[in-house]
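Protein chains: 2
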Amino acid sequence: MKLTPRQQVIVNLVRDGQPITSEALAAKVGVTRAALRPDLAILTMLGILDARPKVGYIYVEKPSESLVKQYISNIKVGEIMSKPVFISEEVTVYDAIVLIFLNDVGTMFVVDSDQCLIGAVSRKDFLKIAIGGTDIHKVPVGVIMTRMPNIIWAESEESAFSAAKKIITHEIDCIPVVERVASTMEKEQLRIVGKISKTNITKLFLKLADNNI
Amino acid sequence: MKLTPRQQVIVNLVRDGQPITSEALAAKVGVTRAALRPDLAILTMLGILDARPKVGYIYVEKPSESLVKQYISNIKVGEIMSKPVFISEEVTVYDAIVLIFLNDVGTMFVVDSDQCLIGAVSRKDFLKIAIGGTDIHKVPVGVIMTRMPNIIWAESEESAFSAAKKIITHEIDCIPVVERVASTMEKEQLRIVGKISKTNITKLFLKLADNNI
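Residue numbers (this note's numbering), protein chains in the order written: chain A, 2 to 214; chain B, 2 to 214.
Worth double-checking, as some hints may not be accurate.
Identical chains share a label here; the pair holds if one copy fits it or two copies do between them.
For lysine-lysine, the following DSBU-like pairs were computed, each having C-alpha atoms within a straight-line distance of at most 35 Å [stated by the list, open to error]:
| id | residue 1 | residue 2 |
| --- | --- | --- |
| 1 | K167 | K84 |
| 2 | K84 | K125 |
| 3 | K139 | K84 |
| 4 | K167 | K139 |
| 5 | K167 | K77 |
| 6 | K166 | K208 |
| 7 | K129 | K84 |
The set of hints was computed from the structure by calculation and includes no laboratory data.
Turn these sequences into a full structure, and let the hints guide you.
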């Protein structure tokens, strides 16, 4: 949103002479108070100026930009998630490393025979085991994966903001996007419908700036 | 930026009855055209309504939100970069892997004796060599690193948007932030002053939404 030349003049006048009343502003700009009202309304709503009753207009150093927040909060995980790569826990670490290269991903999700989430493995886990002297042709992924319930996940209806917060708070590159399926016994069953990573958030950031949403 | 109840009413009226003139809107809202002018000015500037001469107001499905773009374009790499980890190219791959775990980073930068950038190595490079049957206690990092001039970098005065674009376009997790130092011979010398990764961009995204900038 670009300010008009007159709005820019108003902002400069307020910054240099605050607090300033709308009468004083109108006199300096050379128009009536009524003519100035739409501009003052816009600048106040944008958070650039603050209208203080009986004092006048004040320049706000850091506008609250709550438009940005509203905009961002409305974007859902389901709109920006990617396709996940699954493996079963019996796959050997060596074969899993081959799969992580073939798919060019940083994290793979481990599922049971019902396609429900039981674990996750990342390049970091693989690198740790690969230099440890273990025979990676024999050890199955199930031994080295991070296992449920220690996996952070998101749901597709959740905001991208909330998912990004989980990623940063827990220092994870990529989290699964799941939907709850009927729980059997006491265990919660989660089916993977996608994944969301720092890559998705970085792409979203670019889209925001590029106006492509 | 929150719309006032009256602005919301106007938006709904336009969406349901577009194109609609300001006279017709004023009559429906029950106020004068003059009273409606500030609201129409705000909604038009926000890109929510479009004023077409001799036609009336039209509802815009996707506001251009150029405020978001302006805001984002002003954030510089130098404001959000992190501290990089350096190594020299003689370090063995094994020792470098130990360092990548100790520092808990995904990428390390390789520098010469003048602290200038000569290469970069990531977890992915290490994982590839670790499963390849090579003796990682003997091979130096210099053999497996990505070498200049094949490294994408950013400068601290560049916009975060531009750096994020490089990261996504070239599919890299992390790029060095450099400053040019006096070139010796025909080689351009770059000194590393920071690094910028998808983590920095994801954190920036959270800050944008949290209004913490």
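>> Please list, smallest to largest, the hint numbers that this structure does not respect.
In response: The structure conflicts with no hint, since it agrees with every one listed earlier.
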